[in-house]
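J.: Protein sequence lines, in the order shown, are assigned to chains A and B.
Using this note's numbering, read the first sequence as starting at 1 and increasing by one per residue.
Using this note's numbering, read the second sequence as starting at 1 and increasing by one per residue.
Worth flagging that the hints you see were computed from the coordinates, not collected in a lab.
Treat the numbers as computed from the prediction; the structure is a model and nothing was measured.
Some clues are possibly wrong.
In silico SDA-like cross-links for lysine to any residue, where the CA-CA straight-line distance does not exceed 20 Å [as the list claims (entries may be wrong)]: (1) B:LYS140 x A:GLY104; (2) A:LYS33 x B:ALA143; (3) B:LYS140 x A:GLU124; (4) A:LYS33 x B:LEU259.
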Amino acid sequence: MAEDAATRPLPEADEASKPFFDGAMLGKLMLMKCADCGAMRIPSRQHCDVCLSANTDWVEASGRGVVRTFGVMHRQYHPAFTVPYNLAFVELEEGPRIVTNIVGIGDADIRVGMPVVVDWERHEDVAVPNFRPA
Amino acid sequence: MPHPARGATAITGLGITPMGRIFGKSATELAADAVREAIQDSGLKKSEIDGLLINAGITGSTGHGINLSLQNYLGLQDLRLLNHMNAAGSTAAQMVQYASLAIAAGMATNVVCVFADAPLVEGKSTGAAYGGPARPSRPKGMAALYAHAGFYGANTSYALATRRHMDLYGTNHDQLGAVAVAERAWATMNPRAQMREPMTLADYHASRWIIEPLHLLDCCLVSNGAVAVIVSAADRAADLAQPPVYVWGMGQGHPGDPLRAGSNWETESGAKIAAQTAFGMAGLGPQDITCCELYDCYTYTVVVTLEDYGFCKKGEGGPFVQDGKLGPGGSLPTNTGGGELSGYYMWGMTPLSEAVIQGRGQGGERQVKNDAILCTGNGGTLSYHGALILSPHRS
Numbered sequence: 001m002a003e004d005a006a007t008r009p010l011p012e013a014d015e016a017s018k019p020f021f022d023g024a025m026l027g028k029l030m031l032m033k034c035a036d037c038g039a040m041r042i043p044s045r046q047h048c049d050v051c052l053s054a055n056t057d058w059v060e061a062s063g064r065g066v067v068r069t070f071g072v073m074h075r076q077y078h079p080a081f082t083v084p085y086n087l088a089f090v091e092l093e094e095g096p097r098i099v100t101n102i103v104g105i106g107d108a109d110i111r112v113g114m115p116v117v118v119d120w121e122r123h124e125d126v127a128v129p130n131f132r133p134a
Numbered sequence: 001m002p003h004p005a006r007g008a009t010a011i012t013g014l015g016i017t018p019m020g021r022i023f024g025k026s027a028t029e030l031a032a033d034a035v036r037e038a039i040q041d042s043g044l045k046k047s048e049i050d051g052l053l054i055n056a057g058i059t060g061s062t063g064h065g066i067n068l069s070l071q072n073y074l075g076l077q078d079l080r081l082l083n084h085m086n087a088a089g090s091t092a093a094q095m096v097q098y099a100s101l102a103i104a105a106g107m108a109t110n111v112v113c114v115f116a117d118a119p120l121v122e123g124k125s126t127g128a129a130y131g132g133p134a135r136p137s138r139p140k141g142m143a144a145l146y147a148h149a150g151f152y153g154a155n156t157s158y159a160l161a162t163r164r165h166m167d168l169y170g171t172n173h174d175q176l177g178a179v180a181v182a183e184r185a186w187a188t189m190n191p192r193a194q195m196r197e198p199m200t201l202a203d204y205h206a207s208r209w210i211i212e213p214l215h216l217l218d219c220c221l222v223s224n225g226a227v228a229v230i231v232s233a234a235d236r237a238a239d240l241a242q243p244p245v246y247v248w249g250m251g252q253g254h255p256g257d258p259l260r261a262g263s264n265w266e267t268e269s270g271a272k273i274a275a276q277t278a279f280g281m282a283g284l285g286p287q288d289i290t291c292c293e294l295y296d297c298y299t300y301t302v303v304v305t306l307e308d309y310g311f312c313k314k315g316e317g318g319p320f321v322q323d324g325k326l327g328p329g330g331s332l333p334t335n336t337g338g339g340e341l342s343g344y345y346m347w348g349m350t351p352l353s354e355a356v357i358q359g360r361g362q363g364g365e366r367q368v369k370n371d372a373i374l375c376t377g378n379g380g381t382l383s384y385h386g387a388l389i390l391s392p393h394r395s
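Between the sequences and the hints, there should be enough to build the whole structure, so can you do that?
T.: Structure, rendered in structure tokens:
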């Protein structure tokens, strides 16, 4: 993992993701739920990717999921990252997947299918969801 | 009744520049070299070229890639078909498809399809060429989670796909390594290949991690260079300079967002969809394919592609490739020029150029049985797929 996470590129909310990052500051993992068909999605688009409805509710996810798959990076592309470090897709209990790092465990001990729970990385004006073993 | 598109067009010209750490020429100049060679190779007159399809490589995203101005650079006048296409690594196969459709519709007769790239810079490492786009300190929106988590370069998502296959099906590094070893064995017989030194499975295992589970020798090369092919109406192809390589089947498949609920992007590629269309058009199945030229950005791409075309069952790709059947003397010769792993990396033009060489019977000591050649392109992270089935026989 990075020695100093604050020097990593920190996300900034755009219009579509503002409620996600507002929720993150409160420790809530927010997803978009289609008000018409009920499909859940990561808030990277304004329309439902199942039925194309623009009617959306924001709901708090459980924060639980499983490691869908992962990798361990050995090549340094950005000075804020000390290699090796892990990269993962976590499949949320609600279905969508999220891009993240697994924390609180050695890279060699991460397993596909491992239950994980959200672990917020807090900065002054943004919080980012990492995941740790449940 | 055969499908009307089967055998309606053929590849009649091929131009390949020197490959690899080739410096001193822009992507545009490399493209011009490849196009000139393809026209000379075909026996067509330049004035007979009435279509131009262009695919810039990674330099297309830097502003230094080839673009529509290539028409003027080449002095091609009064074209009836022109486009700058991009479906990532599936574009080369797709250019042949759209050229064939246009020819069948009477919109053009001889269409040049060209790819050129020059990401390598003298004095800089190969890895620096594909490090990803500029990195703002505050990237916006949900996509920023990729930058924050440290997803840099194309290797990351392919590593994640490979990991999932290994976990679900027990695929191992001996099996992935068998792909790399087989392709290197082919490359030793290809004078154009960048990596011609023999390689063993031990060499593969000893190569450094890029991103686990991918070793260096699981990953494709990076190349400066250009490839052009010419697609012609089958009737025009018959009396040209080279043996025609006929297009028997075409298909595409694009599975969609990997982050959506229910996606199996890691282990089910667009090849599954493309296979149905292409095999259906050709009237063939995997049992009829005599050699494969598969997009092989990573060893795993070959494994999952073979599964998705039905050469073996889903999940059995590892054991399927482990016995050496892909290599010289094997029962399913695959990537007979060394592919992108050991030959050269011209996106979908790598498999396509070798498919044309094999289809013509010009493979020299690496020539294999070429009655039905499966040629694929793959882009994104198993996101975009183009398929061609090619043959030296018109029907």
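J.: Indicate, hint by hint, whether the structure satisfies it.
T.: Structure-based check of each hint:
With a C-alpha separation of about 27 Å, the suggested pairing of B:LYS140 with A:GLY104 is violated against the 20 Å cut-off. With a C-alpha separation of about 19 Å, the suggested pairing of A:LYS33 with B:ALA143 holds against the 20 Å cut-off. For the proposed pair B:LYS140 and A:GLU124, the alpha carbon gap of about 16 Å is at most 20 Å, so the pair holds. Of the pairs offered as hints, the one joining A:LYS33 and B:LEU259 holds, with about 15 Å between alpha carbons and a cut-off of 20 Å not exceeded.
The structure fails to meet hint 1 from the earlier list, while all remaining hints are met.
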